[in-house]
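Engineer: Hints in hand, dock the two standalone chains.
Residue numbers (the UniProt record's numbering), protein chains in the order written: chain A, 1 to 382; chain B, 1 to 276.
Careful, some of the hints might be misleading.
Pair by pair, the computed Cβ-Cβ distance ranges are [said to hold, decoys possible]:
1) A/122 to B/138: 47 to 57 Å
2) A/374 to B/265: 34 to 44 Å
3) B/112 to A/284: 48 to 58 Å
Just a sample of chain B residues kept apart from chain A, beta carbon distances all over 12 Å, derived [what the hints assert, rightly or not]:
4) 106
5) 108
6) 123
Hints are computed from structural coordinates only; laboratory data are not their basis. Glycine residues also receive a C-beta, built at the ideal position from the N, C-alpha and C atoms.
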Amino acid sequence: MGAVRNLSGQKIVMHGKDVCLQGVSITYPNGFTAVKPTDLTIGAGEFFSILGPSGCGKTTILRAVSGFVEPSAGRVLIGGEDQRGIGPNGRPTALIFQNLALFPLMPVWENVAFALEARGIPRKERRARAHDLLELVALPDQADKMPGELSGGQRQRVAIARALAVEPAVLLLDEPLSALDLKLRQHMRAELRAIQQKTGVTFIYITHDQGEALTMSDRVAVMNDGVVEQVGTADEIYSDPRSAFVASFVGEVNAFYGRVVALDDRMASIDTPHGLLRGRHTGALTQGDQAILFVRPQQVEFGEDSGANRFSVMLERRSLEGAFLTFETRTDNGARIIIHQTNSGPSPVTTDSSLQVSFAPDAAVVLPDGPVANTGIETAAQ
Amino acid sequence: MTSQRILTTYTWAFLAFMFAPLLLMVVSSFNDASPPTVTDWKGLTGKWYAFFWMPQDALRADEVLRSLDRDRFIGCFGNSLVVAAFVVPLSLLLGLAGAVLLTRWRSRANGMLWWVLLSPMLAPGIVLGLSALVFWSRLGVNAGLFTIIMAQTTFVAGYPMLVLMARLQRQPVELEEAALDLGATPFRVFRRLTLPYLAPALISAGVIAFMASMENYNTTMFAKGGACTFATEIGAMARNPNGHPPVINAVGTIIIALTVIAATLHTWLSRREAIK
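Here chain B stands alone, though its shape is the one from the complex (with noise of 0.2 Å):
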């Protein structure tokens, strides 16, 4: 009985611990004041979230939001469109090759190729940027978008390998046999059984390896050179000496939306997967 309560107890405390934090955000968001709180209560709002369409007079007009360089944040979170638009199909490519190679070409180096693909996920953040940029500074390219790209695919790469591996396990190696032993080429081979078996993985590794990119920080930080992204312009509001300003909450916010939609829609799709 008693260890019940203490797992029930310990239970809501981690979930407290970890949507707390969430929900003050998602609440200081719609709070007429900055930087932003909750024990303060200034009056309901939506200009932070307005911030982003309201025109450029009502723009100067408000204290706070005159001072934030909104063609700036459009144009990083431009420039993280950009870098995704080729960080993820290069590292499907890539993941895509390494989940073949290490699910279906047996060999005693397999253990170590593993580890060796996957040490860019484990790597410090800090330490694939800097080796990128010194890398490529060495080579004549001067840090920026490129850069970032280059550095973020090492590790994204990561991710869609390891989907795609997991659903390659499951597949039967005596289909591919099977379609070899017809007189088919390895090409066809892929290209009319691994590839439509993959085709469900290949998204949810593009979502992932998408949001990766979005996401992240510490990489792009240091091999962005002068250029900006969504993540860097929101850490660079962020340490505002007067405390950020809440339209950082309103993106969380937005971001946290997202990701409820589309879980959301995800689990629906597959249960409706499963009844078919």
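One chain only, chain A, in its complex shape (with noise of 0.2 Å):
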């Protein structure tokens, strides 16, 4: 539960509510199957992030949520409720759709106050609420402009202003940062999760951009092909990814195809065209499967000292990137690998130079061979 005073001393108090998926589905009319079964249950006051590359499913999920879309199969339950039969108007959630939808031909206080006017409260209190929400999201001197006079982030604001009035207990946002350039994109991250710390309003945030994911969400759901792959707090997500496409699509990533010939409880081995490589596994794998072995650009390090995974490369490319440098080095037998480090002064390494490479198995994950994000990454040759 949260509560916002205002300056007119008015407190505006919400509830946050747990959303549960059980076991839904949700298949088109021309066939098309969008999400796969799914369970999935967010917390009461979560900001719950569900990441995933465009088409993946995670839209639908947030349209089943907020009842646009009826699941073929399974239930949705908000706060233990069951949705079943419950239309958009009678749910409590609010959604804010990707291009916003303010309402063009309403001054901005109107669109605000519209689920105001819905429940049939007087205008003049109406008018008043939506001056204390737009107080909240920082507007509160464009209350009789158009939604066409303003810049891109103050309708965003407008748009979560009126998302607020229905007092939400699960507020659904559907990429809505998307349409914004890069720095208000970061600045209105911290301050959508300010918004979401002061109301205690479940956010459930569909995103494709992981840098959102990771910065806002107390926890992540990463999705490919309708299937929600794993469930985590962004470090679990970033450090520990349990299939090979949470590997590829979350964070920069070098990729290396075998099969594995030795296991233990921990480690396994997997032979590659560059030899033997040692990675941690999670306990999904068993001896002769194809696997992919993962490691981050920041694991690599010049020289041997890392352990048991080297490599003679050729450096390529190198280019800084302010706070830490990138290295693209080539194997002998044409695999690309990325290296970051630190920039802590100038570098000794020159291109078109030989050098040693290595990274320590445990710094490395096996997983079992599956499907992994383009990315635009290349992955080293199978």
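Structural biologist: Set out below in structure tokens:
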């Protein structure tokens, strides 16, 4: 539960509720299954992100929670109550659309107060409430403007204020920041997080931008092809991916394909064109399986000190990214390995030089072969 | 170079083909000759226009005008206004319902429904007029203004439907979804969002429906029974064995003038809107 007290002394009280998807699957009339059977529990007052590439089914899940789509199977529970048969106007949810969907022919305050108008609250009270809500989103002086006269960031805030006017238990956000430029987007991330914490409303945030998901969320669900691949905190998703897709979609990664030749409780060895490589595994492997070893660019180091996984590479390109340096290297048999290093002064290595690189087995993870994300990173050759 | 010239010639020929008859009509409406002509100039006159308000004795003095029944003509014009006063709101209502149905209710039957709703526009007017006549006479309704209204509405409703559909398709569905999500009933969504959004299109659809109703001849002809409208009366006058009276040309010229004024006004208003 959260309470917001604004300057005029009125209290805006909202209560977050938990959302529970039980065996929800969604098949469209044209036969396309957008969401395969899914169980998901989102806690009351949680900032929960669903991260995945476009077409993975994340927006469909959002529409099922808001009531625009009825699941083909399974149940959606909000605050423990089954929502079957309840339309979008009867659910304790509010949806912020990707294009914001502000009403172009109404001034800002009427937009914000639209939900109150639908409830038959008198005009004077609506106006006062709209004012409070606009203050909450730091937009107090724009009440009488038309949406078309506002900047992108301001329109964003109006959409949030309008959604909060219904005092929703669950706020659903469908990539609301995607139309903003980078700087504003980063600013709005912090703002959204602050509003969520002030109000205590459960936020379900849909995005294909891992930066947004990782920085704002209490927990993240990574989706691909209608399936929730993994649910966890940002740290868990990033450091302990449970599928090849999650490892390759979240953050940059080097990948090596091979076959499992040795296995113990913690570590697996796979046979690759670059020789035997070792890494942690999560228990889903058996001897002889096709597998992929993933290692983050910042875990690869120059020299042979890191341990068992060693390569001789040629340095092809060195680029300065500010706080860190990116090195693009290529092995004898043509695989590319990307290395990130903290930028702590001039680096001794120069391009077109032959180097030794290595990474520790503990820094790498071996996962069963499976679809990987098309992130534009070239993975090391099979 | 030559292809350019051919194109230019073709364009001018096409424009001449379209506008020369209109020009002849306008010029002859000021010529003091009946039947109307432009080759045999008998002097400039405004009497074909003055026909509608000149005093009774002046009317009787003119050998062409005295054979025309002015009161009947004005009565028929009044009938047209009465018909339009019903056809316009009826077809706006039906067209709006059809447009909302076709743009918001997505089903497999949509394609077929589109053709069903538009088929009266494509059907020969004679068929519509006759079928209205037969249908209503079976129900014991005599042909007259009522059957004209019913027959015209069947096809005039198609015009507002097309105009409103084009507008509705440009409104993002998310706006209506957002309003529903905020707790509004479908009726409130319609009243607060859809209707204000459609307002300009409703006005132009109304104008189009009015014109379609006023100028309709063939459907009205079959459904009218003993009644008359503006269009059927002009048709009757045009069948005069001594050649049609130039009064018709005067009426035609007035209609052209009104059309040009309306079009100019519309362009000016929308340009002003665009600047804002």
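Engineer: Output the indices of the hints that this structure fails to meet, ascending.
Structural biologist: 2, 4 and 5
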